[in-house]
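Engineer: Taken in order, these protein sequences are the chains called L and G. The letter at position 271 of the first sequence is residue 271 when you use this note's numbering, and the numbering goes up by one with no holes. The letter at position 58 of the second sequence is residue 58 when you use this note's numbering, and the numbering goes up by one with no holes.
Simulated from the structure, these hints should not be mistaken for lab results. Given the structure is predicted, the values throughout are model-derived calculations rather than measurements. Glycine included, every Cβ here is placed at the ideal spot set by N, Cα and C. Please note that the accuracy of each hint is not assured.
Simulated coverage check for chain G against chain L, where a stretch passes if three residues somewhere in it have a Cβ under 8 Å from a Cβ of chain L [said to hold, decoys possible]:
#: 1; region: 37 to 45
#: 2; region: 121 to 131
#: 3; region: 174 to 181
#: 4; region: 203 to 209
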Amino acid sequence: MKKIEEAIIPSKPLTRESFTMWILLLVLSLLTIYALATIDYTSVDMGKAMADTLNNFKTIFFHPAAHRLSLWDAFYEVLITMGLAFLTTLFGGIIAMLLGLLAAQNLAPKQVTNIIKGFVAFIRAVPSILWVLIFAVAAGLGSVAAVIGLTFHSVSYLTKAYSESFEELDRSVIEALMASGANWWQIIFQAVIPSSVSSLLSWTFMRFEINFANAVAMGAAAGAAGIGFDLFMDSGFYFDLREIGLVTYFIIAFALVLETISTNLKSKILLKKA
Amino acid sequence: MQSDIFAKRKKDSLIFFSLLIVVTVGSVVITQYDVSKGFTSLLKAFIWGGSNFYPDGKSLTILPDVLRKLWDTILMSIAATTVATVFATLLALVGSRTTRMNRVFSLVARGIASLFRNIPLVAWAMVLMLAFSQSSITGYLALFLGSFGFLSRAFIETIDEVSNDSVEALSATGASYSHIIFQSVLPSSLPQMISWILFMIDTNIRDATLVGLLTGTGIGFSFDLYYKSFNFHAASLVVILIVITVILIEMVSNTIRRVIM
């Protein structure tokens, strides 16, 4: 029976694509085995730590309670985090709008788009927490450093997204407008932006969702205000697991709302493309 | 009629921009964001950065130590990603609309994916820190849990997108469940999944810095150490090494993506 099957189904030829994929998976698996084998297990008692962590999570998720923060305080702290995320997205969006126009291949010369793309790739390569900490030296820890530091990554993400949205506009439309004597700014404001406005808004909202998560992280790691800072204080100073639970639930609730909206927006963009 | 369209457009953008201004002012008030300080500190930061934030000769002596930490961090990020990939693939197969066994399991799987994705990395790191204390396992587990959440959702979407028609066709021919999964669903979603894996490794290396800062492990800890002792030359060297690593990994990822997709 086996023989017949082999005769009927010829073994698939190994293409360049699948060869690359398998080599990559092999290399990643080997590196993982090496990493897990050489990790330092001696400093912790694994069994006990695992059991403790499970217990901690049980307390966090099944017995959340408010001690230091009242429910309204916690809500207000999440609002502060939302505010940080909003300002970051707004500043990022404004700067990225300009850079996006310069990075779109149908609107700007090739050298300019290359410079902008290189600049954006560099911004992205520096972790956002480091941008925040670097700015904190000049501005002091707090909301200013957090917003400016996080704006950098928003600029890099949105520039890429915006420029790709702009590039969807057909070249012939731009040429027709140019032939009719429209200048660059008229082309931008009358054709390019109106035709891509819905995808621009969707991308911006998706970045807002990411920025919310980032703002939580900056609260914890860079002393910016908001719910992230409470998370840090509760776990690092008060060791108050039940309040960590409360804070986590607040964050999850807000994040779920944002996720739902952005999933809907994403499927709309995909529909438009298809 | 023509003028109506313009009037409507004008009204829409008026509403949009006034709403934007209201929310902006609200955010500035609630976060106590000092607008003028924002602009002046930007300038100050660039001047300060230019005069202090560059590696000097003395800071090069820490290079071997930082490189070892960096290598550890890269290994951790890769290990967290691959192990998370295994679990996320299983969860995605259960959760995806095309490959699910039944509606209830699918809903549960999607719920788990969503829950894990929305718990912030910081929360994982801080809670693990309580039991695992300051060890590389803390960092590894935090990255693993974060990656698991992200990849589960990404894989569910990928499988949903890629394999709708082929699954129907195959089940019509009487192919078994395992045949459908291994002969059709996984091979056709593999390129997209690998693209997500590569993205995750790159993200994890950057996130490892954040987790390292919080839990005192890896390259993030090196940065924190030099930063907090005002040794900015050394701290800038750490930043430059991270940038080089991330850009190199991105270049490799892009090359691989071009070949497989």
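Engineer: Now tell me, hint by hint, if it's right for this structure.
Structural biologist: Results of checking the hints against the structure:
1. 37 to 45: Three-residue rule met by the region 37 to 45 of chain G, so holds; n is 6.
2. 121 to 131: Contact hint for the region 121 to 131 of chain G vs chain L: holds, 9 residues under 8 Å.
3. 174 to 181: Since three or more residues must qualify, the claim that chain L covers the region 174 to 181 of chain G is violated, with 0 doing so at under 8 Å.
4. 203 to 209: Holds: 3 residues of the region 203 to 209 of chain G have a Cβ under 8 Å from chain L.
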